[in-house]
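Student: Kindly produce the complete structure, drawing on both the sequences and the hints.
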Amino acid sequence: METVTDRELLQRAQNHELQALAEIYDRWSPALYRYAVRLLGEADLAEECVAETFSRFLAALKQGRGPRDYLQAYLYRIAHNWITDQYRSHAPLLVPLDPGLHADPEAEPSRQAIEELERRQLRAALSRLTPEQRQVIVLKYVEEWDNEGIARALNRPVGAIKALQHRALESLRRILISAWTGSEDETN
Amino acid sequence: MDRLELLRGVPARDPQAAAAGRAHFLAQAEAAGALRPVRAQRRPGRSFLPAFPLRATPAFKALAAVLLVLALFFAGAASSVAAAQGSLPGEALYPLKTLSEDVLLSLAPSSPDRLSLTLDFGDRRLVEMTGLQSAGRPIPQGVVDRFEGELDQALQLAAGMSDPGMAQSLDRLSRRTQGQMQAMAVLVEHNPDAPLLADAYARLQEQAGTAELGKSDPQGFRLKVNQLFPGKNGTPGNGNKTPPGLEGTPGPNGNGSGGGSAQGTPDHGQDGKGGHKATKTPGGHGRAYGTPAATRESGEDSHH
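From first to last, the protein sequence lines stand for chains A and B.
Residue numbering for the first sequence follows the working numbering, starting at 31 and increasing by one per position.
Residue numbering for the second sequence follows the working numbering, starting at 78 and increasing by one per position.
Some hints here could point you the wrong way.
What the hints assert, rightly or not - With the Cβ distance kept under 7 Å, some of the chain A side facing chain B (calculated, not the full set): (1) Q49; (2) D56; (3) R64; (4) F84.
Don't read these hints as lab results, they were simulated from the structure.
We treat Cβ as the ideally placed atom computed from N, Cα and C, and that holds for glycine.
Tutor: So, in structure tokens, the structure goes:
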């Protein structure tokens, strides 16, 4: 979240101090990478997401734009938008999971394989949410941000975030249930 | 929604990809800074040098005049210095780039400012080495020497600070060193027959360890730095003088000047002439990095 150091770094980055930009990159690229991998499931794509996020940040600074504060929220917004574009062009398949996979966790395929399948299923389901619903779910339940931070990332009031979370969870449940049951009902 | 926790586990990031991404970003940042309109870079009372809180002292004005002459010599006005910031070793404007770095260091008003610059310049060296490697060009020894000199300089500057300032500086130095290690690891990977790069990587590992020592034992850190660099005051261009912030730093021989180390000991090469040059071999002062005839290139035995 926002700290005095973040604000100071931003001011120096606005002046195009290479050191400040390097510190910003070192501070935020690991977390952004993890965020991207969690949603995209591919390391190469995640690296591309990080590169594009910081490239757009630089472009904004060069044009005299960019954030004045809350750098983390700003960078996550850029990454989120890039990932949304990826989903639009390459939406992950929502393949029904075989319910029998959970019957005997000791049987083949292994637990790790099951969990990987579930991760893919989760990513596919998340891709079917609206961009805002997806961002609030991931930031809240995967990245474990507080509501104030999520509100800054989405540029929405905190109260709106709670309502959005509720709708997003309901939508996600319906999508996952339809995937497990193989039905066509995936309304949001 | 407990199942969402499944998404939290992420495999370790590929350090090579991470380092390449970092180097690419810094190269973009440097190019973006160099390409900014000169008018946008100027602030009242400042020169064409990159933005930095400098005071218009008589020394600064004299040096600015010298730089102006040099910039005009290199067939450009102030924009030559800005354009030089993106140059690589061996290119025509690269000496202007290193000269402007030396001037900035000489004019920096405080040790934390000098440390900031030194860390910046270390990153620049890595960007240059990465750029050379990407272009299939060998990496000159002089660039590696200068980089190691900047590492030395950073330690000495930190050692000369008071405990609170040193703690903050070492924290910054540590983070920067970690990033630099990642980038250097990629360079070593792509240049397996370049012992200089492997040495530089080992040097970075030492740097990281020394910085960690400083965080827990400031006095022990100072002693170690003084053992590593006996009598060096960590400030370029000051010859025998001890700069502000480094008073009282003990040294057995008080030798803080000279044209570099004659015995090849780690020494960032204070030449007493306003320059900060890394010299690991005798006669390093004034050597033009990247000049093919003058350098033993680290990649000469490389398979590429």
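Student: Against this structure, judge whether each hint is valid.
Tutor: Results for each hint:
Residue-level restraint check for Q49(A) holds (minimum Cβ-Cβ distance to chain B is 5 Å; threshold 7 Å). The interface hint given for D56(A) holds, since its Cβ lies 5 Å from the closest Cβ of chain B, which is under the 7 Å cut-off. A cut of 7 Å between beta carbons decides the hint on R64(A): the least distance to chain B is about 5 Å, and the hint holds. With its C-beta approaching chain B no nearer than about 5 Å, F84(A) sits inside the 7 Å limit, and its interface hint holds.
The structure shown violates none of the earlier numbered hints.
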